[in-house]
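There are 2 protein chains.
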Amino acid sequence: MPEISLKGRKMPESPIRKLVPYAEEAKKKGRKVYHLNIGQPDIETPEVALSAVRNYDHKVIEYSHSAGMLSLREGLSGYYKTLNIDVKSDEIIVGAGASEALLFAFQSIMNPEDEVIIPEPFYANYNGFAINAGIKVRPIVSNIDDGFALPPVAEFEKNINKNTKAILVCNPNNPTGYLYSKEELEVLRDLVKKYDLYLIADEVYREFTYDGRKHYSAMHLEGIENNVILIDSVSKRYSACGVRIGWMVSKNKEVIATALKFAQARLSPPSFGQVAAEAAMNTPKDYFEKVQKEYLERRNTVVDGINKIPGAFCPNPSGAFYVVAHLPIDDSDRFCQWLLEGFSFENQTVMMAPASGFYATPGKGKDEVRISYVLKVEDLKSSMKVLEEALKVYPGRTEFKVKEEKVQR
Amino acid sequence: MPEISLKGRKMPESPIRKLVPYAEEAKKKGRKVYHLNIGQPDIETPEVALSAVRNYDHKVIEYSHSAGMLSLREGLSGYYKTLNIDVKSDEIIVGAGASEALLFAFQSIMNPEDEVIIPEPFYANYNGFAINAGIKVRPIVSNIDDGFALPPVAEFEKNINKNTKAILVCNPNNPTGYLYSKEELEVLRDLVKKYDLYLIADEVYREFTYDGRKHYSAMHLEGIENNVILIDSVSKRYSACGVRIGWMVSKNKEVIATALKFAQARLSPPSFGQVAAEAAMNTPKDYFEKVQKEYLERRNTVVDGINKIPGAFCPNPSGAFYVVAHLPIDDSDRFCQWLLEGFSFENQTVMMAPASGFYATPGKGKDEVRISYVLKVEDLKSSMKVLEEALKVYPGRTEFKVKEEKVQR
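These protein sequence lines are chains A and B, in that order.
Position one of the first sequence corresponds to residue 5 (my numbering), numbered consecutively onward.
Position one of the second sequence corresponds to residue 5 (my numbering), numbered consecutively onward.
So here's chain A without its partners, still in its complex pose:
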């Protein structure tokens, strides 16, 4: 029997999905499982997007342009204009989700053994894409104690070497929810300028910001137009993860021309998804107002809930719909599995993503979990109660950090 590949062996299993069999077992026992583990919002997709697909009237479902339908790219160009970002339709390559767009970016700019610096914890699948592209991730630790802010410049500079090709940030951040400030982005601008690096900015959660804070885009940075690659998607913005429409943006013509060749090889992005994505841009403004209000209430529910639990705490992040929480536990993988296998409170339990899967540094994230607040407030309240009860009896519970220490955070 012939062998599988080395990179195939190296590919990590999804830290989010690997607990699925345990959740299925719990459900078979009749238990209610609250899914705090996934990034699939329960918010309805805007009607305008769904009805565009229902009204699709072509007789043949044809390939589109390899870079995506021109009308979609023109629509995106218009969308960016509302954000004061100047993007032309030929500066966009549409992919099957931000996933494919990021792969195009990696493949277009990095050679095997080249390194991309990513503040950790980071979106776990970045690891998979890096292995797929044969490149290396160099993590820099961001810390729960300062809310997962951008690590200091010195940390970046310590990790820049001759193989460093890019810095990748997700803003607002998955998994931490952290919203990078204009000043932090300017630090990144100075770094990529000084060392002639690419800055890859994953901004798929751009619209999800709270506390009156505004998102500042990498595309707003001046003087590094040829260094920036923006990764974007309709998945979260319009609660349309299944359409698989994302894209990369760059003012760097060579990057776009190169990515287009990778795009041409796979012919085109999904047609129906593009139809939905184009129409989604006509979503009425009050949709977002409602969604943002809903998520804000959810965030507050989770953040308050966590910080009330003895020994647990989490920052109060201003973006996306995730928090990374510290819990008084020995091992988040073990804890999350135990919640599904060995625990229930009033016949309910919770499923969370162990944070270990979001760190590249071994051993990190063992006392942290990622919580997605994609459930209704009532369910989130119940989830927090379940978590609190679980931590009272979890056999791997560690000593509580003293209250005072927690207050200082």
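Just so you know, these hints were derived from the structure itself, not from any lab.
Every residue gets a Cβ at the ideal spot worked out from N, C-alpha and C, and that includes glycine.
Hints are supplied without guarantee of correctness; some may be wrong.
Claimed, not checked - Each computed DSSO-like pair below joins lysine-lysine, with the alpha-carbon atoms no more than 27 Å apart:
no.: 1; chain 1: A; residue 1: K255; chain 2: B; residue 2: K22
no.: 2; chain 1: A; residue 1: K197; chain 2: A; residue 2: K162
no.: 3; chain 1: B; residue 1: K22; chain 2: A; residue 2: K257
Said to hold, decoys possible - Stretch-level coverage of chain A by chain B, calculated; a stretch enters the list once three of its residues show a Cβ under 8 Å from a Cβ in chain B:
no.: 4; region: 16 to 26
no.: 5; region: 97 to 104
no.: 6; region: 200 to 207
no.: 7; region: 240 to 247
Position chain B against the provided structure of chain A, taking the given hints into account.
Then chain B, alone, in the frame of chain A:
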């Protein structure tokens, strides 16, 4: 300005799409351009597939299972049963087109520098996928004089070395239309068994066979169940290229488990496309009868048309909807460009794909073009007339092969 990647530089431009600007110029001059260059059928997508999408009634367009919706994979399992192929739903990984499925296969089984043997001419994008995955294509020439039949075993054995990991065949073949026989597949079986290789079989044109010939699948081969990876798609079968739904099949559990990790990293295949693909399997049988009859007439029109042109000839292939034709020309790239730039007959011209892009061996295919017969018979007749007239005046025309030589073929 930071550099782009080496593989990005190496990626070929699509040989099919690179002439597009010249075609656009010709159209601007008011000329009718017959598109014999693309694999986009003009046949209508079955109504059952289109209406399934129109009736999509979910409120949220969610991620599906990373391997594809279970109901789709069960449907595919049932489809294979009708072909006497035993495939279970968990032996299938659905991708964004056969393109992504083939990339999953390459990434799962091959290391950088590993080699895949492919009879040439071959589907040009195999080159792109190989560069993307960082592997090497080793071409073996198949010959127009014997209709592009499988090259002799000795040719394969001469090219097998310690880095050889797989043999890839497209059956029926794009670009040659050649339909491999059971005997030829058994030759491949013996080879992959002897050298412990993978056999990757791209069978997306399975239903397009003529002259009463039946398709024999790599999945029908006995004794190499763990070696075979099938690549398949709804794109051509149901004239639904834009849905971007293809898949890989393998009985080799390690291959499937590995491919699933690559699939998980990009979350899921397109949801609407899966809905269309699942419904498409209920296409009435007479749809295919009509389609097959139509393509048969088209093939005959093209094959007769080519072979009537002095100095030109092509085999009479039994599958897919392509032929590779020999033309009395110096350089097919130059000729195809000249057709668009410098020629018209009754204000019409033709666009074809230079065969050079389908060969990996430099210099091969200079006197060959690929013709897709995806136009109506009347248009194909006009195209053949245009081609005949063009060859009378093309400045780069070579001496004609003598009639007698042609008759022997």
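Worksheet entry | Earlier hints that do not hold, by number | none
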